[in-house]
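S.K.: Required output: the full structure, derived from the provided sequences and hints.
Okay, here's what each chain looks like letter by letter:
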Amino acid sequence: MTNHSLYKTKLNDFVMEELPKNEQEEIKAHLNECSECSESINLLKETLMIFSAPNFDMPQKSYFASLAPRVRERAEQKEKKVSLSFLFDNRWVGAFASLLLIVSSAFLLYNLNSEESEIIVQDEPDYYYSSIQSENYTISGLSATFSSDDWELLSAVIDEEIGEYLEIYQYDSDDDQIENLSENEWHDFYENFSKENIL
Amino acid sequence: MGDDKFSGVDFNTERHFNRIVLKYGERIYRTVRGMVGTHEDADDIVQETFLKAYKNIDSYRGEADIGTWLTRIALNLTYSRSRRKKLFSDNPVEDYMEKISSDTVLPEVAAEEKERRMIVENALKTLPEKQRAVFVLRLYEEMKFSEIGALMGTTESASRANFHQAMTKLKKFVSDKKLK
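Chains U and S, in that order, are what the protein sequence lines are. Residue 181 in our numbering sits at position 160 of the first sequence; the count goes up by one each step and never skips. Residue 177 in our numbering sits at position 171 of the second sequence; the count goes up by one each step and never skips.
Please keep in mind that the hints were generated in silico from the structure rather than gathered at the bench. Check each hint, because a few of them may be wrong.
[Claimed, not checked] Below, in silico cross-link-like pairs of lysine to aspartate or glutamate (DMTMM-like), each with a Cα-Cα straight-line distance of 20 Å or less:
1) U:K31 x S:E162
2) S:K29 x S:E147
3) S:K58 x U:D78
4) S:K58 x U:E94
5) S:K131 x U:D78
6) U:K82 x S:D47
7) S:K29 x U:D78
8) S:K61 x U:E94
9) U:K66 x S:D182
[What the hints assert, rightly or not] Far from chain U, some chain S residues (derived; all Cβ distances over 10 Å):
10) G31
11) G40
12) V52
13) S163
The structure presented is a predicted model; accordingly, all values stated were derived computationally and were not measured. Where is the CB? At the ideal position from N, CA and C, for every residue including glycine.
M.R.: This is the structure we're talking about:
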């Protein structure tokens, strides 16, 4: 590579004063002899002159002084929006919710229209362990929420006077009444729930 | 550049948050504004940058100074915005020549400066986003290439190469237009 070719590759660095001092001097001397490099340097300087200054005015100080409060306000607005926008803004969540709704509806219709639905877990061999998967399942005026395959995660509100299960809900370890049910009591619960009270 | 490590500063206290925004607001704005065309876009991205930093302060590990961390967030948001709004053109500089020559005639007042700004804005738009980012950080923020490389997750030489490519394109732009 000739000196000219070598210097030519370093003109950008030269004009930005990025080169070591001795190289800066070498190229500077070369420019006196080489019209091509000299023209190129002039063009680079011109380019830098045009582009080095921003093409905009900075906002006034008041803009930056008000920035933090505006960011905070924005954060608060976003927090408010999150709960509402969650279902509507996120297409995947929306799609999943729609899919869940369709599956749940189909399951509900299937169970309401089939004889098997009369006994929700009729074929369940391990009594209170069920494979039912549904949410907000409603039948015969009673509301049950199945959020897990395991019945042991479910519990019941029982109206003792009339002996009916008013509501089935998720197992709550703080609920002593349900927590203390023995296995036999759970069995009774299952039998009553599925065959008597619901139907 | 890189003057503090921001260790132990709590974004959750209003005083600290205000201090950080005041200290770095101008720098972040200048970088973002150099990347996008309008104040509105820049303002939006700047706010979003501090909001994101505010929410993700736990992920800030203090390896880079806070200004670098904020700039990285701002650039990522700018890239993301540019992909949605097409702030950067895919067209090469040459394709832009005809468009700029047909732009609206500028008013007489401060025509030179307005023309320069228009040229800068429109020419910078033709650069790929990384070249533009390096160009802005080097010229407007006077960052070293090693700092730019660290900020952008590349090397010093990659940043230098990006800058030179940008300069070459812009030089050609100036040369072709005979800009004075």
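S.K.: Determine for every hint whether it applies to the structure shown.
M.R.: Quick rundown of the hints versus the structure:
{"no.": "1", "hint": "U:K31 x S:E162", "verdict": "holds, 16 Å"}
{"no.": "2", "hint": "S:K29 x S:E147", "verdict": "holds, 14 Å"}
{"no.": "3", "hint": "S:K58 x U:D78", "verdict": "violated, 25 Å"}
{"no.": "4", "hint": "S:K58 x U:E94", "verdict": "holds, 13 Å"}
{"no.": "5", "hint": "S:K131 x U:D78", "verdict": "holds, 18 Å"}
{"no.": "6", "hint": "U:K82 x S:D47", "verdict": "holds, 19 Å"}
{"no.": "7", "hint": "S:K29 x U:D78", "verdict": "holds, 19 Å"}
{"no.": "8", "hint": "S:K61 x U:E94", "verdict": "holds, 13 Å"}
{"no.": "9", "hint": "U:K66 x S:D182", "verdict": "holds, 15 Å"}
{"no.": "10", "hint": "G31", "verdict": "violated, 4 Å"}
{"no.": "11", "hint": "G40", "verdict": "violated, 6 Å"}
{"no.": "12", "hint": "V52", "verdict": "violated, 7 Å"}
{"no.": "13", "hint": "S163", "verdict": "holds, 12 Å"}
In this structure, the hints that do not hold are numbers 3, 10, 11, 12, in rising order.
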